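Going by the UniProt record's numbering, the first residue of the sequence shown is number 1, and it counts up by one from there.
These aren't lab readings, by the way, just hints derived from the structure by calculation. Heads up, a few of these hints could be off.
[Claimed, not checked] Mimicking SDA-like on lysine to any residue, the simulated pairs with C-alpha atoms at most 20 Å apart in a straight line are:
{"no.": "1", "residue 1": "15", "residue 2": "27"}
{"no.": "2", "residue 1": "15", "residue 2": "25"}
{"no.": "3", "residue 1": "15", "residue 2": "26"}
[To be verified] Pair ranges (Cβ atoms, derived):
{"no.": "4", "residue 1": "14", "residue 2": "35", "range": "29 to 37 Å"}
{"no.": "5", "residue 1": "10", "residue 2": "39", "range": "42 to 50 Å"}
{"no.": "6", "residue 1": "37", "residue 2": "8", "range": "40 to 48 Å"}
{"no.": "7", "residue 1": "39", "residue 2": "8", "range": "44 to 52 Å"}
{"no.": "8", "residue 1": "37", "residue 2": "15", "range": "29 to 37 Å"}
{"no.": "9", "residue 1": "29", "residue 2": "8", "range": "29 to 37 Å"}
{"no.": "10", "residue 1": "38", "residue 2": "8", "range": "41 to 49 Å"}
{"no.": "11", "residue 1": "9", "residue 2": "38", "range": "39 to 47 Å"}
{"no.": "12", "residue 1": "9", "residue 2": "39", "range": "41 to 49 Å"}
Predicted model, so just to flag it, every value in this text is computed and none were measured. Where is the CB? At the ideal position from N, CA and C, for every residue including glycine.
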Amino acid sequence: QISQARPSTATTHSKRTAAFLQRAFSLQLLVLQTALEIS
Numbered sequence: 001q002i003s004q005a006r007p008s009t010a011t012t013h014s015k016r017t018a019a020f021l022q023r024a025f026s027l028q029l030l031v032l033q034t035a036l037e038i039s
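Kindly generate the complete structure, drawing on both the sequences and the hints.
As structure tokens, this is what we get:
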């Protein structure tokens, strides 16, 4: 049971990391777009 519980925790962590990276990336794109519009 312990060995089965570990992958799910790792999957949850990787999903959370992916969501964070996606959010950071879209935020960076937004900032870049705003900077391009200003200049």
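Inset, instruction - With 42 to 50 Å as the target window, see if residue 10 and residue 39 comply at their CB atoms. - result: 43 Å, holds
Inset, instruction - Hint says 41 to 49 Å; check whether the CB-CB distance for residue 9 and residue 39 agrees. - result: 45 Å, holds
Legend entry - Pairwise beta carbon distance, residue 9 to residue 38, judged against the given window 39 to 47 Å: At 44 Å between Cβs, range holds.
Legend entry - Outcome of range test on Cβ distance (residue 37, residue 8; 40 to 48 Å): 43 Å, holds
Inset, instruction - Assess, step by step, whether the Cα of residue 15 is no farther than 20 Å from the Cα of residue 27, and give holds or violated. - result: With Cα atoms ~18 Å apart, residue 15 and residue 27 stay inside 20 Å; holds.
Inset, instruction - Given the hint of 29 to 37 Å, check if residue 37 and residue 15 actually sit that far apart at their C-beta atoms. - result: 33 Å, holds
Inset, instruction - Would you mind confirming whether the straight-line C-alpha gap from residue 15 to residue 25 stays at or under 20 Å? - result: 15 Å, holds
Legend entry - Range agreement (Cβ of residue 35 with Cβ of residue 14, hint 29 to 37 Å): Since the Cβ atoms of residue 14 and residue 35 sit about 31 Å apart, the hinted range of 29 to 37 Å holds.
Legend entry - Pairwise beta carbon distance, residue 38 to residue 8, judged against the given window 41 to 49 Å: Between residue 38 and residue 8, where Cβ atoms are some 45 Å apart, the hint holds.
Legend entry - residue 15 paired with residue 26 [C-alpha distance capped at 20 Å]: Distance of about 16 Å is within 20 Å: holds.
Legend entry - Distance restraint evaluation - residue 29, residue 8, Cβ atoms, bounds 29 to 37 Å: 32 Å, holds
Inset, instruction - Confirm or reject the claim that residue 39 and residue 8 have a C-beta distance inside 44 to 52 Å. - result: 47 Å, holds
Of the hints listed earlier, there is not a single one the structure fails to meet.
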